[in-house]
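Undergrad: Protein sequence lines correspond, in order, to chains A, B and C. Per our numbering, residue 1 is the first one in the first sequence, and the count goes up by one each step. Per our numbering, residue 930 is the first one in the second sequence, and the count goes up by one each step. Per our numbering, residue 1018 is the first one in the third sequence, and the count goes up by one each step.
These are computed hints drawn from the structure, not numbers from a lab. Worth double-checking, as some hints may not be accurate.
[To be verified] Straight-line C-alpha distance at most 20 Å; calculated SDA-like pairs for lysine to any residue:
{"no.": "1", "chain 1": "C", "residue 1": "Lys1286", "chain 2": "A", "residue 2": "Asp23"}
{"no.": "2", "chain 1": "C", "residue 1": "Lys1286", "chain 2": "A", "residue 2": "His135"}
{"no.": "3", "chain 1": "A", "residue 1": "Lys127", "chain 2": "C", "residue 2": "Arg1033"}
{"no.": "4", "chain 1": "A", "residue 1": "Lys143", "chain 2": "C", "residue 2": "Ser1142"}
{"no.": "5", "chain 1": "C", "residue 1": "Lys1286", "chain 2": "A", "residue 2": "Ala145"}
{"no.": "6", "chain 1": "A", "residue 1": "Lys815", "chain 2": "B", "residue 2": "Asp958"}
{"no.": "7", "chain 1": "A", "residue 1": "Lys508", "chain 2": "C", "residue 2": "Ser1044"}
{"no.": "8", "chain 1": "A", "residue 1": "Lys705", "chain 2": "A", "residue 2": "Thr729"}
{"no.": "9", "chain 1": "A", "residue 1": "Lys127", "chain 2": "C", "residue 2": "Thr1019"}
{"no.": "10", "chain 1": "A", "residue 1": "Lys545", "chain 2": "B", "residue 2": "Thr990"}
{"no.": "11", "chain 1": "C", "residue 1": "Lys1286", "chain 2": "A", "residue 2": "Met144"}
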Amino acid sequence: MTGCRVEQGGLIDRTRALSFSFDGMTYQGFEGDTIASALLAAGVRIFGRSFKYHRPRGLWGAWFDDPNAIVNIRLGGIDYPNCQAATTCLTEGMQVRAVNAWPDACRDVKGVLDLAHRFLPAGFYYKMFMWPDWHLFEPTIRKMAGFGILSPDVQDGFQSAILHDHCDTLVIGGGVAGLTAARAAAEAGRSVLLVDDHPAPGGSLYCNQHGNDSQLWVKAQIAAIRTAGGRILCNTTAVGVYDHQFVSVATDRGMGHAPIVRKLRPARIILATGAIDRPVTFANNDRPGVMSLGAATEFLGRYGVLAGQEIVVLSNRPETYTAIEDLRAAGAAVTRFDPTSAATAIGGRVVKAIRLDGRTYACDTILTSAGLTPLIHLWRHAGGKLEWDNGRQTFVPADGPDWMRVVGAANGTFSQEVAMTEARHAALDQPAPTRGVYHLPPSLADPTASGRQWIDLQHDVTLKDVALAHRENMVSVEHLKRYTTLGMAGDQGKTSNISGLSAMAHLKGETIPETGTTTFRPPFVPIPLEAYRGARRDRQMAPLKRLTLEPEHRALDAALGEYGGWLRPAWYGGDGERAAVERECRMAREAAAIMDASALGAIEVIGPDARTFVNFIYYNTMSNLKSGRIRYGFMLTEAGLVFDDGVLACINDNRFVISCSSSHADAVMAHLEHWRQDRFDPMRVHIHDITQNWSTVTIAGPKAKAIVAGLGVLDSLDDFPHMSLRLCTFEGAPARVARVSFTGDTSFEVSVQNISASALWNKAVAIGAPLGAGPVGAEALTVLRAEKGYILAGKDTDGETMPHDLGFAAPRLRKTAAFVGDRSLHSDTANRADRKSLVGLTVGPLEDPLPIGAHVVETSGSDGGVKSIGYITSSYHSPTLGQPVALALVSGGAEAMGKRVDIWHMGQTRFAAIASPCAFDPEGARIDA
Amino acid sequence: MQQFPCPFCGLRDEREFHFSGEAGNIRPDTTQPVSDADWRDYLYTHENPKGVSREIWVHTTCQEYFMMERDTVTMAVIGTQQMRRDTA
Amino acid sequence: MTRHFSAFGVFREGLRGHKGWAPMWRSPAPKLKYDVVIVGGGGHGLATAYYLAKNHGMSRIAVVEKGWLGGGNTGRNTTVIRSNYFYPESTALYDLSVRLYEGLSRDINYNVMFSQRGMMVLSHSESEMEIAARTVNAMKLNGADAELLDARDVQKKAPILNYRDDARYPIHGAIWQGRGGTGRHDAVAWGYARAADRLGVDIIQNCEVTGFLIEGGTCKGVETTQGVIRAGRVGVATAGHSSVLAQMGGYKLPLHSYALQAFVTEAIKPVMDTVAFSPMTGSYFSQSDKGGLVIGGGLDRIPSYAQRGNTPEQENVLSGIIDMAPALAKVKLLRHWAGIVDVSPDSSPLIGPSGTDGIFVNCGWGTGGFKAIPAGGYLFAHLLANGAHHEISRPFDLNRFGTGALIDEAAGSGIAH
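Chain A on its own, in the form it takes in the complex (with noise of 0.2 Å):
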């Protein structure tokens, strides 16, 4: 029998047991036990295997300072990975496994690998496996490694709530520090929370036996906190502090569920976070029983386990003599000795004895601590500073932040007394007092020793590996780092860090702070990656934008689908996307497409500088544009690229509006609204983006003026010529109807305010069906318009097309004002007869349609290779037609109409003929017709 529970004390409740089981055998604990403790209580010694030699292993620490107790836990049929047993609080049916073993943790097959230990070093995976290749060698290792199973299921409702919480003051840590902290910030007025990551604060006030005091006065100065309004949340852990006084805390709601995560940006930071032992280092010194001395007694105080009968101390640390009263106390036989001795622990798997100076003693557990190491983590991942302590032997805050203060044993105040102290002075921004003297003699790793001496104990990095670091040359302590794998597992090198800098100082011949340390790095402790995950989750990762007139879509059957960020009816009908489309073609080339173009962008420029404003944007002349007149233009980056395509609407000479593609709508708002206050008195040119507003239907084709006619929101079509624009009302509301076409097709673009569009929308379907017009989708659409060669910008354009690539070379040449992207347009690259040119091509009528994406190609050089001329970007078998039509970008095509090219595709090679992009209707003949 070695670990046990003590009759009295801690904060389990003994009347409440909970079973559970470990490795497949059935245990039993209590509630207010974390695993470990259960476990630790009914006399389980080994806990799980290292990760590279599978060497067995016990527990270190009794909180998140464990390295060793890495489970498996299935509980409600779900799996968690890689659970920590000293920080998982134990529940009724948990099922746990260590991880990394087989077939369990006692039994271990791969604990053979430590045989061949001297043949495995720091880093001999960068020595070997090169020949023959390392392929061959990878899977196995890839087998081998890693530590829990994940289970590929997906847990719906493992859901982080994200806060955005408020303090004046945060303070991190519910010990003594903390609490007085709190407590004299909170009745200075302030507002106050305190976090602390265990179930209960209290921090190592629990560590010693003055238990119910202990316990009284923890709940003295929690009822005192929040008598003066100061809030607590208890199993909550801060993970980082970022930039601007950002801090993020993380609250474990149990197993099972994501936890909450809190934002904050606290005025003031009191940082009590404690510390934590660091091993001693001596042969064997990983066997299962040799853990911290600060372990024990926390164990000992919170939950009520004795961890050992025969205890050895090895600790120089002046708390010492309390922790050997409390365990003495509690019933262990204990003998303390100097940790600066050497030592050799004993034992095949656990340990049995002690070798110490030549003699052995018996014993079931060895307490180590080579001494307190502050957990500053927070204070560096705010900046804050660190200087070695001699008398403490281990770094402690120095400057820092001024809005962050570190207390207690977290600033190397180990003394109760003192820490309070320290903890009302931070509270109410007083100085802080000088830090007490405290002499702790060295203990530090003598890498020369002989023994396999463990620092890092989840990743088998001992003295030895330090040593081979330091003959190779890796010496800075990032090399010892990344070339040993020291301080890389799970705890981040909480427990191993000061270790392995002292042995590499020792090997340097230099100071510990010459030697440094390396980056401490959010999270404090590893949390969920749900718990990062926000508010984007799902649809709200980038949601979709709404039609008004969804509803009447879904009443036509549309398929809907995202287009340009918008869910837009796709095609209608309810049949297969095939029949649909090609039905939609025929109707409006042979009636009318009604169509719902309120997706595309429409932006209002206003003011007496609209003109010039507008002139500036576009790359076509703007500046002569005449009232209730329409213009097709581009707008350029200044790079001179084509950005965006669409109409300009000329209103009068102070108004006009803006007509952009719909996924552009919000990039081109941002363009205008940087040209507005870069370039312009913004107080005489306005834009304001009507997207969401106003609604279009569009009505194309032979029968369109029949339809709108019919809509009454024009007396006449007549003297209604094409690029033009008449304002008007429809039902009695403002109406404006546009007459462009992207089909072809005579066409009207009927825009009303959101509150008009079903009207409107209903009344067009309604006098169109008899006619054999009808709603046409996003499909169709884009067949029709390809049959024009009208181009989809960001389809048929790439990051190199400039208009004149296009087609529209003039304003390039002969347009005198300034306009975006004015000056690229005359580069050498701008220049070259080379550059990709839109055209159409033509295949056979029986042909399959060309694959978009497949290539242009020529054969080049010699071997006969070939060489990508361009690429096709948009094509479609034309129901119109009867044929297929493409376009593409293709080098020099401009000059080639007619030539026959290879099309090269996935390998495959077919042939087509370079033509004019508009395959329909070259005349323009029905565009008024």
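Use these hints to put chains B and C onto chain A, whose structure you have.
TA: Quick look at chains B and C alone, frame taken from chain A:
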């Protein structure tokens, strides 16, 4: 999460802002000849200072552009200033 | 002393307690003069030194590094190696890199663990599939390996991804490059350093360049915290800090520096055998040999020289990962960090004369410098040895910003960097 002071709206989270380039990058007058080198410098060349940097930012929720001086190492904001000529 | 790395060497040294391993590299004091001084002891700088010595027969070479070797982006990246680019200039560059990586471990006698487990760029819609086809065709035509996968192929290769119908970004297929994969980032820096050292290169750590020695408008060396070092030519390969060096050297660069974050989770048994990238969220991940998921994503959008990241981009990246593979929501994050990357206007690198005589630059790799280390070093060595470009690096000269011949992959292929 950093916070920037929009001169119009006050302190707001960094998500609401967009970096729009270094301050003082003046567009050449393109109605006059502009050399390749001058156009390149305007379009592409940056100081990219380590330390104090004067930058143009836009607060995307109010859409106002403004000048911000900040430190690219410490992330401290030194100050912001609106660019409106009428009110500046 | 054991200098050569091999299984036999490890065995023999194992028998004698590994006491006989030679240092990876010397720690020499700087000499007064070198033929070439390379500023920056990251992957690119060290590879440059190695290829200068190996391919160009030069021996008087120094690499000066202000901190520790590989401590910049070489030791902070997500280790992806690929050449799935659209433009022939890019493919020539990055495929040279993949080819050099393929033989690197044996070339430098250091296992860099280049694991060609494949890289997939997911497509989430039919229009993205069209762009993917365009890219796959371009890659094949330009001589890189590529395949267009459909959703079923993707599921076979990466069953952990999100195949639910209600996924925000459903998987329609992917661009697959089987020769892509991951490598051990530190090993690349260390391996090149060791190999360069063996060829006589002086690698000088903790030596910060504080200025350039300019005489008559020409750079004749560098001023450092360890004194003045004269040089025939100076090569600057300092990634995120390139603009700082530019200011010292009197030349200007088209760069902005941003923090790029990376994330690693606790180790789990293998669940992901390849690298998957979602262009819609910008997030990607792979699993290391140790078992941790290695996660990356887009830039923090605030120009920065601070090697730490901020929360908004953490949410962007990790929410993207969970959308891509919802089963990963439970996996615990172990550590996240950031490096400073220098981003050029077209997100393609800058290799060439700096504008100040005698100084040459290798920078602007943005988020993709690691995969290019061998090629970057190979081509930069050519440039420094000859004073003139290798054909593959010529299109990446700084003069492209005057001629307008940008190489903008993001716009060409829909692949972010």
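Undergrad: Please flag the earlier hints that this structure goes against, numbers listed from lowest up.
TA: 4
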